[in-house]
Every structure is written in C-alpha cells, then in structure tokens.
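Here the structure of chain A is known, so what remains is to put chain B in place on it, guided by the hints.
Residue numbers (numbering that gives the first Met the number 0), protein chains in the order written: chain A, 0 to 261; chain B, 0 to 190.
Since the hints were derived computationally from the structure, they do not count as laboratory data.
Owing to the predicted nature of the structure, the values given are computational and were not obtained by experimental measurement.
Take these hints with a grain of salt, some might be off.
Facing chain B, a subset of chain A residues (Cβ under 7 Å, in silico) [to be verified]:
#1 Leu-96
#2 Trp-99
#3 Leu-114
#4 Val-145
#5 Leu-148
#6 Leu-149
#7 Arg-152
#8 Tyr-154
#9 Asp-155
#10 Cys-170
#11 Ala-177
#12 Ile-236
Just so it is clear, CB atoms sit at the ideal spot from N, CA and C, and this is done for glycine as well.
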Amino acid sequence: MNDLGLFTQSVWAVTAVVQALLLCLLLARKNVSSYPAFSAYIFMTLAQSGLLFMAIKGWGFSSTVAWRVGWATQCVVLGARAFAVAELCRHVLGRFLGVWTSARWILLGSGTAVLLYALIAASHQWRLVLNTAELGLELATAAVIVMLLLFARYYDVAVDPQLRLLALGLCLYSCASALNDAVLERWLDRYVTLWNVFGMAAFLACLLLWSWAFRKPAPQTVAAPLFSSGSVYLNIIPEMNSRLRSLNEQLIEFWRPEAPRT
Amino acid sequence: MSVLFILAGVITLLVLLFWALRGPRRDNEAGAPGLESSEDPSRQHATYFGVIRQAMSQEDFEFLAARGPGRLVRRAHKERQRIAMLYLANLRADFQRLLRLAAVIAVLSPEIAASHEFERLRLTIRFFWRYQTVLFGLYAGLLLLPQLGGLSQMVSELAFRMESAMKELGERAAVAAELASTLNRRGLDAT
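Isolated chain A, as found in the complex (with noise of 0.2 Å):
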C-alpha cells in the first residue's frame, strides 16, 4: 500500500466514504427504485475500491493481480455506468414516446460515431489497448449526455435539477476520465500518482454533486403526456417547414435591392 503514497491513500479513503453514504443516501430517500441502474452502478465503484484494496494489500500496487483486477472491475463498472447513462435518458426524454423512438437511435448513433473517432484518434498502440477502449468509452458516454441535453433543450423540454445534476456529474466524470486516459497516461506516464489523484479526485467531485442531487427523495413520477393524434403532427409539421422554407428565402431577398417591391 505505500507504493500509492499518504496523500493518495487519503483520497482513496474520502472517495470510498463518500460512495458509501451516497448509496446510503440513495437507499434512505428511497431513490433507488427510480434510479436501480445508477445505485447499482455506485454499489460497483464501492466494491471495485474495495476489491482493489484487498488486491493491492495482498500482491502490491504494481502487481500483475493487481493490475488484472483493477481493469477487470472497470469493465463492469463502465457496464454499469452505460446503464446508469441510458435510465438517464429514460427519465429525461422517455415519456414522449415519439421523440424518443427517434432520439434513442440518434444517441446510440452519435455514441457510436464518438467511439470510433476516439479509437481512431487515440492512434492505436497494443501497449495502451484497454486505455484506448476506456477512452472511447468515456467519450461516447459523454457525446450521449450532451446530445440527450441538446435534445431537451430543443423540444423544449424541462429537465428536473435532480436528473441535471446526476447527467453534469456523469459527464464531466467521463471528459476528466478521457483526459486523464489521452494526457496523464500518454504524457506524463511518470507520474503514475498525479493520474491515480487526478482521477480520484475528479470522482470524488463528482460525488458530492450527486449526493447534493440525492438529498431529496426523487420527485414523483409524472403521468404520460396526453398525445395528440398523430394525424395533427403529419398534417401541420411538413406545412409548416414549407413555410419556414418560404421564410429563409425572403431573408435571401433582403440582399437583392432590385427585388419588385411588394
């Protein structure tokens, strides 16, 4: 364990305090049945921290073991964490049954598209494959985040804080993991020390925002939008495109001076 050094080991220690009061939080507001996936996926990072410790405290911080089991928990917390990422989007756009048919295809094509450039830029080297994947990962998970935000922003749909807060902390999570994974690890692979603390320190963060958004049990559960028929939506919207389209093309006849005067 000396191998982390004193002030690592203290993060480590504040993390794991904190993740655990969290799922408590979790459990006392009874949020986890609104949010079984994002429970879920806190109750994996406190057991990865706690089958990490045992591992370093058994075979030693630079181990084989320990390397092997630290990047086995990952793959399973970064499962859950895509869960945690698609109950999100649930909450945010799911009861607008048509919006989300077409959004949830956009998210997971904007994730994948994310997930390739981040493959292909990360300049494949065998000696940092599982960085190079949890990169891409990282980054995908935050494209859907941003783009589920976007979404919402455009139909206009209101997003409680408790759910703004869980994708602010989801989100920065993953850019400061990508980071850590393009820059710390890449550049200045020998400061092994200031990665493990950056990344620590950017979960431990990201925590407390989510304990501050778990305070309160999470607000009810809103009835299903009455739709309207669909017939309204195919009668009106291709009108109303033809209109904006008119729209743009009289903003193109202000630069025609010579334009007949109407």
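The following block gives chain B in isolation, referenced to the frame of chain A:
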C-alpha cells in the same frame, strides 16, 4: 497529434454541455414544453408591420431629403435603421415562439418523422444564420422595407396556422377528458 484531437473533442463536448445546461428556456411541473407559447397571435410583432411601414414610407423620406437639411436626413435614416433592427429582433422572437409551438406538437405526438424534424432543424439553422447576415446588412446601412414586409407576413401566417393547430389539440384533449369522465361515471375501466 492524437492527444490534440481528443482534447479538441473533450473541449467541444464541455462547451456543448454548458450551453445545453444554460438556464432552461421554460420550466413547468409536467416537464413538457410550455403551452403558453400559443398566446394570442394578434399580439405578435409581425402584425405591427403596417404601422412600421407607414412610419418609414419611401415617399416621406424622399420628401424629407428634398426639403430638409442634410443633418436631419441622416438622423432620420439612422432612426429608420434603428427601428428596422428592433423590428427584426422582435420578429425573431416571434419566430422562436412559433418554433416552440412546433416543438409542442412534436413532443405531444405519439410518432414523429425524422425527415421532418431534420428539415426543421436545418431550416432553423439557416434562418438564424441569415437573420444575422441581414442584421449585419442593416448595420452596414441597407434598409429594404418591402422584404421585411414579406418576412412579416410569413411569420403572421405561420402564427395563425399554429394557433389553429393548438386549438385542435385543445379540443381533442377536451373530448378525451370528457370520454374518460363518462366512462368513470359508468364504472368502466378505460385502460
């Protein structure tokens, strides 16, 4: 180089994240888009174009140019520009309100067509790009009132059509509520 690409990606995502999280345009309890956007279209700025046009008639300006001193003509021109810019800004506000109405229709629809949605997104981006260009033109001294009139008329028509749509939605909701109420009175399960 690869790290720079990743860094650019992260920065882009962070900028978009904070832009998307920037104060909600409207909050309400249900989380659905606000319906207050369907306010009386007769109060929209586009409908004031007649008054604006009268105040800025070419004949008046020519008369002033022929009889008045140069300083007065320049001042009148500046005032006309200022009014046109204010009017254009208000037209944009009307346009945004109408787009919100379209969002309400899309959100309350059980199915939407991706092609229509992309088309509207594309048109919206183009409109706002061109709006900025026109605004720049006005700053540069151009003032083409007839075209502004065409724009105004377009927005008014759109407002009228949207209002009809919202009325139709309201009527449907009322019928659905009445039906549910009747079923409840008869002790039937509507689900």
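Against chain B, with CB atoms and a cut of 7 Å, does the hint on Tyr-154(A) hold up? Holds. Min distance 5 Å.
Return the status of the interface hint for Val-145(A): holds when the least beta-carbon distance to chain B is below 7 Å, violated otherwise. Holds - the Cβ of Val-145(A) comes within 7 Å of chain B, reaching about 5 Å at its closest.
Hold the hint about Ile-236(A) up to the distance rule: shortest CB distance to chain B must be less than 7 Å. holds, 5 Å
Hint check: is the beta carbon of Cys-170(A) less than 7 Å from a beta carbon of chain B? holds, 5 Å
Against chain B, is Trp-99(A) within 7 Å by beta-carbon distance? violated, 10 Å
Min Cβ distance, Leu-148(A) to chain B: is it shorter than 7 Å? holds, 4 Å
Less than 7 Å between beta-carbons is the criterion; does Leu-96(A) satisfy it with respect to chain B? Leu-96(A) check passes; min Cβ-Cβ to chain B is 5 Å, inside 7 Å.
Please check whether Asp-155(A) passes as an interface residue: C-beta within 7 Å of a C-beta belonging to chain B. This hint holds: Asp-155(A) lies near chain B, its Cβ roughly 4 Å from the closest one there, short of 7 Å.
Tell me if Arg-152(A) is really an interface residue toward chain B, meaning its C-beta lies closer than 7 Å to one of theirs. holds, 5 Å
Given a cut of 7 Å on the nearest C-beta pair, is the interface hint for Leu-149(A) held or broken against chain B? holds, 5 Å
Answer holds if the nearest beta-carbon of chain B is closer than 7 Å to that of Leu-114(A); otherwise answer violated. Status violated, d = 11 Å.
Restraint check, 7 Å cut-off on beta carbons, for Ala-177(A) near chain B: Holds - the Cβ of Ala-177(A) comes within 7 Å of chain B, reaching about 6 Å at its closest.
Checked against the numbered hints given earlier, this structure breaks hints 2 and 3; the rest are met.
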